[in-house]
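Student: Now for the letters of each chain:
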Amino acid sequence: MSAAQIRFATLWRREVNRFMKIKKQTIGAPLLETFLYITVFGAALGSRIKHLHGIDYVLFVIPGLIMMAFSTNAFSNNSSSILQQKFQGAIQDQLSSPASPAELLLAFSLGGFMRGLMVAVLTFLVSVILVGLPVEHVLVLVPSLFLVGFFFSQLGVLIGVRAEQFDDVAFAQTFVLQPLIFLGGVFYSAALLPQPFETLTRFNPLFYMINLVRYGFVGFSEVSIALSLLALTAATTALFLFNLRLFSRGYRLRA
Amino acid sequence: MAELALDIQNLEKRYPTGVEALRGVSIEIEEGAFYGLLGPNGAGKSTLIHCTTGLAQPTGGSIEIFGHDAIDNYAEARQAVGLAPQEPNIDWFLTVEETLDYHAGYFGMPRRDRRERTRELLETFSLTEKRDERTRTLSGGMKRRLILARAMMHRPRLLILDEPTAGVDVELRLELWHYVQKINQEGTTILLTTHYLEEAEQLCDRIAFIAEGQIVAEGTSPELAERFEVPNLEDAYLALVGRKELSRSHIELAPEVEA
Chain P
1 MSAAQIRFAT LWRREVNRFM KIKKQTIGAP LLETFLYITV FGAALGSRIK HLHGIDYVLF
61 VIPGLIMMAF STNAFSNNSS SILQQKFQGA IQDQLSSPAS PAELLLAFSL GGFMRGLMVA
121 VLTFLVSVIL VGLPVEHVLV LVPSLFLVGF FFSQLGVLIG VRAEQFDDVA FAQTFVLQPL
181 IFLGGVFYSA ALLPQPFETL TRFNPLFYMI NLVRYGFVGF SEVSIALSLL ALTAATTALF
241 LFNLRLFSRG YRLRA
Chain R
1 MAELALDIQN LEKRYPTGVE ALRGVSIEIE EGAFYGLLGP NGAGKSTLIH CTTGLAQPTG
61 GSIEIFGHDA IDNYAEARQA VGLAPQEPNI DWFLTVEETL DYHAGYFGMP RRDRRERTRE
121 LLETFSLTEK RDERTRTLSG GMKRRLILAR AMMHRPRLLI LDEPTAGVDV ELRLELWHYV
181 QKINQEGTTI LLTTHYLEEA EQLCDRIAFI AEGQIVAEGT SPELAERFEV PNLEDAYLAL
241 VGRKELSRSH IELAPEVEA
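For the record, the sequence lines run as chains P and R.
The opening position of the first sequence corresponds to residue 1 in our numbering, with each subsequent residue numbered one higher.
The opening position of the second sequence corresponds to residue 1 in our numbering, with each subsequent residue numbered one higher.
Everything labelled a hint here was simulated from the structure, so no lab data went into it.
These figures come from a predicted structure and were not determined experimentally.
Treat each hint with caution, since some may be false.
[Stated by the list, open to error] Below 30 Å or equal to it, Euclidean Cα-Cα: the simulated DSS-like pairs (lysine-lysine) are:
no., chain 1, residue 1, chain 2, residue 2
1, P, LYS23, P, LYS86
2, R, LYS130, R, LYS182
3, P, LYS21, P, LYS86
4, R, LYS130, R, LYS143
5, P, LYS24, R, LYS143
6, R, LYS143, R, LYS182
7, P, LYS50, R, LYS182
8, P, LYS86, R, LYS182
9, P, LYS21, R, LYS143
10, P, LYS24, P, LYS86
11, R, LYS182, P, LYS23
12, R, LYS244, P, LYS23
13, R, LYS182, P, LYS21
14, P, LYS24, R, LYS130
Okay, chain P solo, but in the shape it has when bound (with noise of 0.2 Å):
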């Protein structure tokens, strides 16, 4: 290996030893919370609704809490670890050494991707022994949940850097990605919301990251499969892109 073959493991392997560590928090919980969410609305509300668009409700509401527990891993995993680093000091050890932006940045993003990667594994495994969940269309789940937990891992660096206390995080977490992810459609169609919530689901950026997720499952969804890749492979990029700034212009890391 390369000196910086070896430096880029290394950043890598310290940010997912760092979750490893606390594996019951952040790998157990998650976990546990996914499948408190399949008990209750596939056992309890499942019983009831039956079918939505013909799908069982069930396999339905899956796709979505999949991504759901990809994306908040990734995305918490990302801003705690920047920030906790930033109140102990210890980024420093990684800032001053000859690790590049970009370095750091994919360092730090592979980090939160790994956790939600797999806690969506494990629920996914799960999900296929528990109630049988299908893969219709693996050539669009795979892209669509690479760049879900990308996009939400480069989200948990940016709050990660921006934050300066610990509420900064939590408050991006419980006021904005939670209420953007359950209004998104995990639980429902779009088509059974009365105007103007319908309308206003389809100006929601996860609404559209659930469908392509649901569609690669089950083979449903409300909206372009296409339009709705290429708009979140752009939106992906474009925040990679906007973070690799940051880190080369050392925003709230270096002084």
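With chain P fixed as given, assemble chain R onto it according to the hints.
Tutor: Leaving out everything else, chain R in the frame of chain P:
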């Protein structure tokens, strides 16, 4: 003339708040030197160190580390520098051994080299028994040992010690003195900031006084004393900060000591 380990010219740092921490600082430190930087709190010592190590971004001037520009060729420049900061900035999630191993990884050291170097420095700084402990459980002195060991992990050619002995016991202070003198004799250039003037006097070849973001005097300890027309470095420092009345020569000895 030896190669310059650190060549700082007209360095300026103005923070977004408008505070001018450095106002045209120039320092040249030859390779192999043991260089002291003294000044009161808020004089600009830590800002200068942060600019040198990439933790702060200069607003003017230039910094070269062994001929590498600290901004344009930051990777080569930072590879040559080890920093033991004033505040223990260690990761609470890591163990002592991981702290050293990860640091070496950030500097591209291969695994086998990392293991050997970790073992060597754990031994040197009496940390072997603590190798598996989380850093947050360490005492203040142990944390100080760890950040010193970490700074030396990647065998830097320029070692920057920002008040390394602040708040440590006599034993560790003397251990550190012996160690840094040894590695200096082996060729490592050292930049030391300290508030302990006897430390600077004993260890440093040359010393610079910094005040209000400017270098106000530079030379050997006797040269500085001569420059301020006082008998020793401490009095020169007191003259610099305008507190000559605090000189030890004004302290009357207690009668029993006199007897």
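Student: Hint by hint, say whether it matches the structure.
Tutor: Status of the hints after comparison with the structure:
Taking the CA atoms of P/LYS23 and P/LYS86, the gap is near 22 Å; set against the 30 Å cutoff, the hint holds. As the CA atoms of R/LYS130 and R/LYS182 are separated by approximately 24 Å, the hinted pair is consistent with the 30 Å bound. Restraint check for P/LYS21 and P/LYS86: satisfied, since their Cα atoms lie roughly 19 Å apart, inside the 30 Å limit. A threshold of 30 Å between alpha carbons decides the hint, and for R/LYS130 with R/LYS143 the separation of about 11 Å falls inside it, so the pair holds.
As the CA atoms of P/LYS24 and R/LYS143 are separated by approximately 28 Å, the hinted pair is consistent with the 30 Å bound. Between the alpha carbons of R/LYS143 and R/LYS182 the distance comes to roughly 22 Å, so the proposed pair stays at or under 30 Å and holds. With a CA separation close to 77 Å, the supplied pair P/LYS50 and R/LYS182 exceeds the 30 Å bound. Among the hinted pairs, P/LYS86 with R/LYS182 is inconsistent with the structure: their alpha-carbon atoms are about 34 Å apart, more than 30 Å.
Between the alpha carbons of P/LYS21 and R/LYS143 the distance comes to roughly 21 Å, so the proposed pair stays at or under 30 Å and holds. Under the criterion of a C-alpha separation no larger than 30 Å, the hint pairing P/LYS24 with P/LYS86 is consistent with the structure, at around 24 Å. Proposed proximity of R/LYS182 and P/LYS23 is contradicted: the alpha carbons are some 44 Å apart, above 30 Å. The suggested pairing of R/LYS244 with P/LYS23 is violated, with an alpha-carbon distance near 59 Å, which exceeds 30 Å.
Of the supplied pair hints, the one linking R/LYS182 and P/LYS21 is violated, its CA atoms being roughly 38 Å apart against a limit of 30 Å. The hinted pair formed by P/LYS24 and R/LYS130 meets the criterion: a straight-line CA distance of about 25 Å does not exceed 30 Å.
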